[in-house]
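Spelled out, the chains give:
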Amino acid sequence: MAAELTATRAAGHGASVTLNHLEKSYDRVAAVAGVSLDIHSGEFLTLLGPSGSGKTTTLMMIAGFEMPTGGDIAIDGKSVVAVPPYRRNIGMVFQNYALFPHLTVADNIGFPLRQRGVAKVERARQVGQALELVHLPGHGGRYPRQLSGGQQQRVALARAIVFKPRLLLMDEPLGALDKQLRENMQLEMRRLHADLGITFIYVTHDQEEALTMSDRIAVMNEGLVAQIGRPEDLYDRPISRFVAAFIGESNFLPAVVCGIEDDVVVAECEGAIIRALAQSPPARGKKVVLTTRPERIRFADGAWNSTVPQNRLTVTVTEAVFAGERCRYMLQAGQGIAIVLKEPSSASIRRRAVGERAEIAWSVADTILV
Amino acid sequence: MSKAATVRCSARSVSAPLVLAAPPLLFMLAFYAVPVLSMLLRSVSDPVWTLSHYASLTGDTVFLKVFCNTLYTSLIVTLGTLVLGYPVALSLVRAPRWAPFILVLILLPFWTSVLVRSYAWMVLMGRHGIINEALLVIGIVNQPLRILNTPLATQIAMIHILLPYMALPITNALRQIDPSLTRASSGLGATPWATFRQITLPLSLPGVAAGTLMVFVLGLGFYITPAMVGGPREITLSMLIAQQVDQLNWAYAATLSAVLLASALAIIAAFYRLPGVSNAFRMSAR
Amino acid sequence: MIVVRLLPAMVVGLILLFLVLPILVVMVVSFSSETYLTFPPPAFGLRWYNAYFASDDWLQSTWLSLRVAAAVVVLATFFGTLAAIGIPRLPSALRILASALILSPLIVPVIIVAIGIYYSFARYGLVGSPTGLILAHTCLAIPFVVTSVGANLAGIDPRLEQAALSLGATPSGTFLQITLPLIRPGILVGALFAFITSFDELVVALFISGSGAVTLPRRMWDDLLFQIEPTIAAVSTLTIVLTAALMGCAQLLRKRAPT
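Protein chains in written order, with the numbering used here: chain A, 1 to 370; chain B, 1001 to 1286; chain C, 2001 to 2259.
Extracted from the complex, chain A is given alone in its bound form (with noise of 0.2 angstroms):
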């Protein structure tokens, strides 16, 4: 029923995008100062960032709203900064879905098929069919501001694809939904891109979000990319604090460097040795500050042993959060070191008291120099 529409997936239709030292500038305030990507054809890439890191704009470049003040913009090759937007053949779904509101939703769907010229009865055909795909079908009839939150969502899915782009850029756009729907939709977008296998560029500042969905992450900072790459390398080796305690929950540990043993630092953090790996050996003396997930850390009194090589540390829980499935220690090392551990709340893991002192451990392939 929906074959037509993926069967660009078979041919491998998604196009490729080429950022090249990318700038925008408002006033000599730099919104993007410098963005290079290379997108891969049919490829989920997410732009994650928090609200000013110039996301949203660079998407717009892409789009051909903004005009880039540096750098050049490809898509399958070729330069697209010159294109006006509506020559570039890109879909597009806004964070208010943008529904014309004096349009039916058959006449919202079939708005760019009108654009192209397809003929009344095609147009219907095909309107027909993008309903179905984001399971609407009957609905056409209707007007935006007869349908829920999610149908007009999933309406302006539906607009963005009739035409069969093969780039579809996506602003935000589950960001008006509640919780429950909304991990819905993040499903079926996951679905729809498996389906179309067309590339899908998708902004958020969601980073929950961002790891469910994406093939990639660009984690986005001040105008400038971060870090990029699949969701389990941004969430194991981010290469900056930022990166760090932007995506998931990190636990930041100052330290001194006092030695170098092959590709892993050995440092000093409140009297107590740390190993982590590191990029690039720092200098010996030199103040890190050395990064581990709360769900990386386990309390090491008592059976836990392990064969890959442990930090430990001693700490005296401050305080004792019971989450439903898991529970959440805050815990202080030596001066005022804060670190926080997870654990899961199985009936068969004693709980800590708060004032309790413990020991802490996890595997110094958990802990990163950033």
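Careful: at least some of the hints might be erroneous.
Counterexamples of contact, computed for chain C against chain A with all Cβ distances above 10 angstroms [unchecked claim]: (1) Leu2007; (2) Met2027; (3) Arg2123; (4) Leu2165; (5) Leu2167; (6) Phe2175; (7) Asp2223; (8) Leu2238.
Residues from chain A shown here face chain C by an in silico Cβ test under 7 angstroms; the list is partial [to be verified]: (9) Pro85; (10) Tyr86; (11) Phe100; (12) His102; (13) Pro112.
Quick caveat, the hints were computed from the structure, so don't treat them as lab data. This one's a predicted model, so the numbers in the text were calculated from it and none came from an experiment. Heads up, the beta-carbon is just placed ideally off N, CA and C, and yes, glycines get one too.
Since the structure of chain A is already known, use the hints to place chains B and C on it.
What follows is chains B and C alone, placed relative to chain A:
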């Protein structure tokens, strides 16, 4: 990206709106702005480049008397519309069930032409008009009062005509006050009057300022109403200007016009800066 | 006690009465059958309405005012809509100047506008002709169209335009298919205000209608100077009804604007 492409794009983004905006602007320039400005120019160019027309205003008793009268009338009218207009605005907001009805009663005269409304007051205030008839019947007076052709007549008629211009901005300002503020005030122990005085009234001041501004400025320029119901002895600046044009004293008329315009602009400039006034002003422009 | 509680309502009631009384009085007087202005009229009749419909002068003036107003509607709506769309997109310095020019008739005292226009039009033979009236009234009416369309336009989500462009509509296609339908209510309300502005306009007409283009308000004014005959009351009543009907439509249109 080439510089040429950037320049082309920014030029493109200016030319489209210019193509749209140019015809109306040129039209208004040709048939309105240039005529008015060239007339005003007579005040300094007649018969040669000179400021003497303005200088002589300081000793011109007729002008000074008329100008003061115009300012005074505008002031009285502004106060009158404020005193009458605020309760009406309040009622629109406090009694939503009656609001459509009240709105019609405000808007109906608002939509009627100034000429018709001024004529209506001539009928009302004449020697045999309804006011005199009512006073006679009640027995307050023994013979008809002379209401028409007095400054009072002008003030009453102008208050009537300008009342909506005060009531509507105040209504808008009142409508924008978050209802939970008055509830909070009540819950914290303030009486209705105290809530009004300390919460509602201060928050409605931008609307009051906008209304005051509009009424005063419009009042300065009134011509038809004072001409129809005011006496021949108390004339406004607009009437003086019209008289001078009838006598072909263009330079003098232009000078007076410049003074009138400058007064209006000065007051607008002074008031417009106040917070919230420009918003309230914009929303109430017909 | 009941009196105290009802006091605010009574005060407001009196003020509202003050607002509406003159209009009502004019309408009642128009049905009087006597020549002098008394209230209440001793007897009722349609004498003055007959006088109006039987008078060539009155009917000619009415017809002229209607024709001029119709032309003004077309011109002012056209120019005003262009201005409302184009001016906000100009670079900021130009935009401020253009807005000031377009909206200034709302602020400049009308006597100044009237004598300024008279000053120029006299030189070009535009006094005493419908053409002059049309040109002058259009300038007075344009600001109303601009504010009405402008308010409508400002309420439209800018992303609708971007969406249309992204879907392949050219800028002019976007304007025709998306923008224009959405500002239709604003245009219609502006057109109604333009009509009323021209139809009721007196001060400018006083100077430039001369003897060849006597509009309805001008004739009413002239009549008033010489005799206070209730024919004017009849004419006034008719214009009140016309204005109320048109403005009522405008209110309804405003409420129905889709967002």
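Hints and how they fare:
1. Under the 10 angstroms C-beta cut-off, the non-interface status given to Leu2007 of chain C relative to chain A holds; the minimum distance is some 44 angstroms.
2. No Cβ of chain A approaches the Cβ of Met2027 of chain C within 10 angstroms, the least distance being about 40 angstroms, so the stated non-interface status holds.
3. Non-interface call for Arg2123 of chain C relative to chain A: holds, since the shortest CB-CB distance, roughly 47 angstroms, exceeds 10 angstroms.
4. At roughly 4 angstroms from the closest C-beta of chain A, the C-beta of Leu2165 of chain C falls inside 10 angstroms, breaking its exclusion from the interface.
5. A Cβ of chain A approaches the Cβ of Leu2167 of chain C within 10 angstroms, the least distance being about 4 angstroms, so the stated non-interface status is violated.
6. Residue-level check passed: Phe2175 of chain C sits 12 angstroms from the nearest beta carbon of chain A, beyond 10 angstroms.
7. Even its closest Cβ contact with chain A, about 48 angstroms, leaves Asp2223 of chain C beyond 10 angstroms, as expected for a residue assigned away from the interface.
8. With a cut of 10 angstroms on Cβ distances, Leu2238 of chain C stays outside the contact zone with chain A, its closest approach being about 37 angstroms.
9. Using the Cβ-Cβ criterion of 7 angstroms, the hint placing Pro85 of chain A at the interface with chain C is satisfied: the shortest such distance is roughly 4 angstroms.
10. The beta carbon of Tyr86 of chain A comes within 5 angstroms of a beta carbon in chain C, closer than 7 angstroms, and the hint placing it at the interface holds.
11. Below 7 angstroms, beta-carbon pairs count as interface contacts, and Phe100 of chain A has one with chain C at about 6 angstroms; its hint therefore holds.
12. Given the 7 angstroms rule on beta carbons, the hint for His102 of chain A holds: about 5 angstroms separates it from the nearest Cβ of chain C.
13. Because the beta carbon of Pro112 of chain A sits about 4 angstroms from the nearest beta carbon in chain C, less than 7 angstroms, this interface hint is met.
Of the numbered hints listed earlier, those contradicted by the structure are 4, 5.
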